[in-house]
Amino acid sequence: MHIDQSKIRNFCIIAHIDHGKSTLADRIIEKTGTLTSREMQAQVLDNMELERERGITIKSQAVRIVYKAKDGEEYIYNLIDTPGHVDFNYEVSRSLAACDGAILVVDAAQGVEAQTLANVYLALDHDLDVMPVINKIDLPSADPDRVVSEIEDVIGIEAEDAPRISAKNGLNIEDVLEQIIVKIPAPTGDENAPLKALIFDSVYDPYKGVIVFFRVREGKIAKGTKVRMMATGAEFETVEVGYFGAGQYIPCDELSAGMVGYMTASIKNLKETRVGDTITDAENPCAEPLPGYKKVNPMVYCGLYPADGAKYPDLRDALEKLQLNDASLYYEPETSIALGFGFRCGFLGLLHLEIIQERLEREYNLDLVTTAPSVVYRIHKTNGEMIELTNPSNMPDPSEIEYMEEPIVSAEIMVTTEFIGPIMDLCQERRGVYLGMEYIETTRALMKYELPLNEIIYDFFDALKSRSRGYASFDYELKGYERSELCKLDILVNRENVDALSFIVFEGSAYERGRKMCEKLKEEIPRQLFEIPIQAAIGSKIIARETVRAMRKDVLAKCYGGDISRKRKLLEKQKEGKKRMRQVGNVEIPQKAFMSVLKLDEK
Amino acid sequence: MFSSLMKNNMADMNRGPLGLYLHFPFCVRKCRYCDFLSFPSDEAGREAYLQRLKKEIIVRGEKYQDYSIETLFIGGGTPSLMTGQQLTELLDTVRTAFHVSPSGEWTMECNPGTTDAETLKIYRAAGINRLSFGLQSMNDEELKYLGRIHTAKQFLDNYQAARKAGFENINIDLMSALPGQTTDSWLDTLKKAAALEPEHLSAYSLIIEEGTPFWKLYGDDRSGEADVEGIIADGGAGRQGKAAIPALPDEDSRETDSGLVMKEKTGFPALPDEDSEREMYHLTKRILAERGYERYEVSNYARKGFECHHNLMYWRRKDYLGLGLGAASMVGERRFSNTSDISRYMQDFAYCQEEILDRKAQIEETMFLGLRCTLGVSDQTFKEKFGESMMNIYGDIIRQYVSEGFLTYHEEKGRLAFTESGMDVSNWILSDFLL
Chain H
0 MHIDQSKIRN FCIIAHIDHG KSTLADRIIE KTGTLTSREM QAQVLDNMEL
50 ERERGITIKS QAVRIVYKAK DGEEYIYNLI DTPGHVDFNY EVSRSLAACD
100 GAILVVDAAQ GVEAQTLANV YLALDHDLDV MPVINKIDLP SADPDRVVSE
150 IEDVIGIEAE DAPRISAKNG LNIEDVLEQI IVKIPAPTGD ENAPLKALIF
200 DSVYDPYKGV IVFFRVREGK IAKGTKVRMM ATGAEFETVE VGYFGAGQYI
250 PCDELSAGMV GYMTASIKNL KETRVGDTIT DAENPCAEPL PGYKKVNPMV
300 YCGLYPADGA KYPDLRDALE KLQLNDASLY YEPETSIALG FGFRCGFLGL
350 LHLEIIQERL EREYNLDLVT TAPSVVYRIH KTNGEMIELT NPSNMPDPSE
400 IEYMEEPIVS AEIMVTTEFI GPIMDLCQER RGVYLGMEYI ETTRALMKYE
450 LPLNEIIYDF FDALKSRSRG YASFDYELKG YERSELCKLD ILVNRENVDA
500 LSFIVFEGSA YERGRKMCEK LKEEIPRQLF EIPIQAAIGS KIIARETVRA
550 MRKDVLAKCY GGDISRKRKL LEKQKEGKKR MRQVGNVEIP QKAFMSVLKL
600 DEK
Chain E
0 MFSSLMKNNM ADMNRGPLGL YLHFPFCVRK CRYCDFLSFP SDEAGREAYL
50 QRLKKEIIVR GEKYQDYSIE TLFIGGGTPS LMTGQQLTEL LDTVRTAFHV
100 SPSGEWTMEC NPGTTDAETL KIYRAAGINR LSFGLQSMND EELKYLGRIH
150 TAKQFLDNYQ AARKAGFENI NIDLMSALPG QTTDSWLDTL KKAAALEPEH
200 LSAYSLIIEE GTPFWKLYGD DRSGEADVEG IIADGGAGRQ GKAAIPALPD
250 EDSRETDSGL VMKEKTGFPA LPDEDSEREM YHLTKRILAE RGYERYEVSN
300 YARKGFECHH NLMYWRRKDY LGLGLGAASM VGERRFSNTS DISRYMQDFA
350 YCQEEILDRK AQIEETMFLG LRCTLGVSDQ TFKEKFGESM MNIYGDIIRQ
400 YVSEGFLTYH EEKGRLAFTE SGMDVSNWIL SDFLL
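Sequence lines, in order, name chains H and E.
Counting along the first sequence from 1, when you hit position 449 you're at 448 in numbering that gives the first Met the number 0, and nothing is skipped either side.
Counting along the second sequence from 1, when you hit position 231 you're at 230 in numbering that gives the first Met the number 0, and nothing is skipped either side.
One thing to keep in mind: the hints can contain errors.
In the BS3-like style, the derived pairs of lysine-lysine whose C-alpha atoms are separated by at most 25 Å in a straight line are [claimed, not checked]:
id : chain 1 : residue 1 : chain 2 : residue 2
1  : E       : K215      : H       : K572
2  : E       : K215      : H       : K568
3  : H       : K67       : H       : K182
4  : H       : K568      : E       : K317
5  : H       : K566      : E       : K284
Honestly, the hints are just simulated from the structure, not real lab data.
Model, not experiment: these values are computed from the prediction.
For reference, chain H alone in the conformation it holds in the complex:
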């Protein structure tokens, strides 16, 4: 089957979080009959269990749709879904590289938001044509006219004829489908030129090996084509090529310039198919690779350790696999005295961290110990050197430090008016600088703050939720670095410094945090055979102390008579419990204690 390039449209949908991107994707798939509505599961593109639970899109997904247009022609639409959260910018960027245009979804009530802008800029960076769509016009508070002028004024793209739809109710979806033909350009590229295809994603399949997702820019690829990955130099013989059905892979004979699809080649080594790399024909290679993606820098770091030390290789493999389709995930081996072998991992933000952590636990069945997240501090040393500190353990001696800088974010908090007071208090406590507030509606306001990133990476979300009874939503972007008075807080358990518990803190909050940390650890560390002092220290100065009293009684006085196996089971259970703890000096510290720093704001 040969498909005329002019009948192909490759596009993605971009939007601020919750503006209805995935719902629109669902409607498009449904209306074009790619799936009958009986087969539809809400938000079919979000097929990762985690995505469904959280109602967000994490991984990019692609689907090929056949649309029979009003002009009587059939068009092939390749829809590539993208994440909406700032943490996943990198993923957005990758998806965009496979597209020729983007549908921009804007909420008819909320209008243009921070992420709307960020995503549009990304799309324009990739030379995509942007087609605006006004969604949620069924909302009572919808004001599409205002939003149209907002799009034109703020973004500077024409929106007068933007389809006004309700993706939820399936209203005016046809308008969108028709407009795609006009507003999104058909791909170009010589299908007779040497193969040149951009890898925008890949997944690992236990049966097929690595499945590489790509967009063919020039030439064609078929089963049997001998391909070369231009960056890594690895060569493979193509076993299968195909395109994306809704939730399934559909093999086909070949993919030519302008098309989006996948290939397999029994690829075992994940490192050989890097996202952003260019695939070419080994026997007829193209001259230059396509430009890859911009490297993104992680903003939040933490240590990830296997709960069971023997699972270290498993964790390494899992991280490797995750990194395969999430190049923004950064990791390098590190060793902690308390936790043994693990990895220092870098994430784009907190949500990213949480998602990776949950995916490791669910998809790879790993039991993890996570250390307190840290941001990247800039340390200006007295010798003029500047270092970026991602692990508190590596902090230089205070005498070598001239001054330190910490990352500051611009935050937007959407909240119903009754909670403005409590949220302002919270931001105040977290060293926030109030920038202003806008009323979106009479009962909803958008508060703008500048906050140090390290104040929001612990438990800010939880605090925000509890102080607004769940009504507040929150988004942030990195603004830059500012000079700040910071120090390293160490925790000593039984007079031994537990490296995995150290963290960097604003000097003004050090006493408070130190005290809370000791209290929390006192609850978490079970009584042992001797008294255990828990101390918080800055340098050699102890600033807080708690004591875990010695256990005075732990005796199995029940007599099971001859039923020794039951007694043995009890001892084994106890031994298991000890195993789940970490030996520091002669103290056993339970894993969850290492996370306790995350929950200091409770009560």
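Let chain H serve as the given structure and place chain E on it in line with the hints.
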């Protein structure tokens, strides 16, 4: 005449010692804390079970002709629900089926309120020479909360009757950390029990076991603690039993269960807090020591020479055979147990869950059972059995705990034992002896 006697004695000496346990799984009513294998029954059910048990004794006895019964223990349930005649027939069956040592310790559990002077006399005459009374508390209020069927007064009557019937070796089971119990009321129970001068006292703390009515009442409060802080009640020296309680239909007890849940903590007093519980535990040893009882095992106290021999066979890993529903055995490093399903038991005696203990398991058990006794574990005996010193295997752990004062190693006698403070936290330490 002389030569035949000699021959008989020689034969006895060549026979290996065996402990025999008989399980009687019936009681009048299940106590609220009890997770032993027991349930209420009628007379006909008990008689049918005993017929079955006797058959088992005969069948099994044939295979154990090379052994001699050194100790016998009848546990339950409430064995004292047996009539004098039932017990006599049971013990006659044992003597017919097995070789028995003439000076053996024959213990029977006896629950106050289920027996009388006449029956006790028959028990004694039938061959029982040690009685173990499940008293638990001298406080009637506490007994009521536990769901016991007797009062302190009924116990005293039974106790005196037992003495009159000629029992010269009596144990009393007591339990601390009961709902509503105070340190004072525990002391009162302890002192009153000791004042009766029994030869043996067992003092346990109540543990809230899953699947009991108490678990519903108190389980949530204690669930986190239960395994680590586990301070547990012994149901009587030498008793066997398992948590798997077959669900026999019993409307009465079910009603009681749901009644408990509904009443929640309103109808039942709280458990003593951790500190009082510890205080009770620590006072026990002092009070009993002052009255001439020596602690020889985690929760067992005795006048010199009156330690429970049957119990010691368990700790010293001697061979024992358990007969009756759910009873566990260990003979020649082979563990096995009877089915816990009463309807299956009534049909066949096939032992289940057989397990052959490998060297590692034997070593571990030698340690965690042996150390329960204050006497500890002899390295000489250990060497004889395993061909190397326990220091080879456990050197690091032993040295650590000795240096911390939880274990002592007596160089001359070559014995490893818990210190007093080590015994208090023995679970924590013993789990390190699992290899």
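Verification of the supplied hints:
1. Using a Cα cut-off of 25 Å, the hinted pair K215 (chain E) and K572 (chain H) holds, with the two alpha carbons roughly 22 Å apart.
2. Restraint check for K215 (chain E) and K568 (chain H): the C-alpha separation of about 23 Å stays at or below 25 Å, so the hint holds.
3. For a cut-off of 25 Å, the pair hint linking K67 (chain H) to K182 (chain H) stands: about 17 Å separates their Cα positions.
4. Pair hint K568 (chain H) plus K317 (chain E) holds up; C-alpha atoms about 20 Å apart against a cutoff of 25 Å.
5. Under the criterion of a C-alpha separation no larger than 25 Å, the hint pairing K566 (chain H) with K284 (chain E) is consistent with the structure, at around 23 Å.
Going down the numbered hints, you'll see the structure goes against none, and every one checks out.
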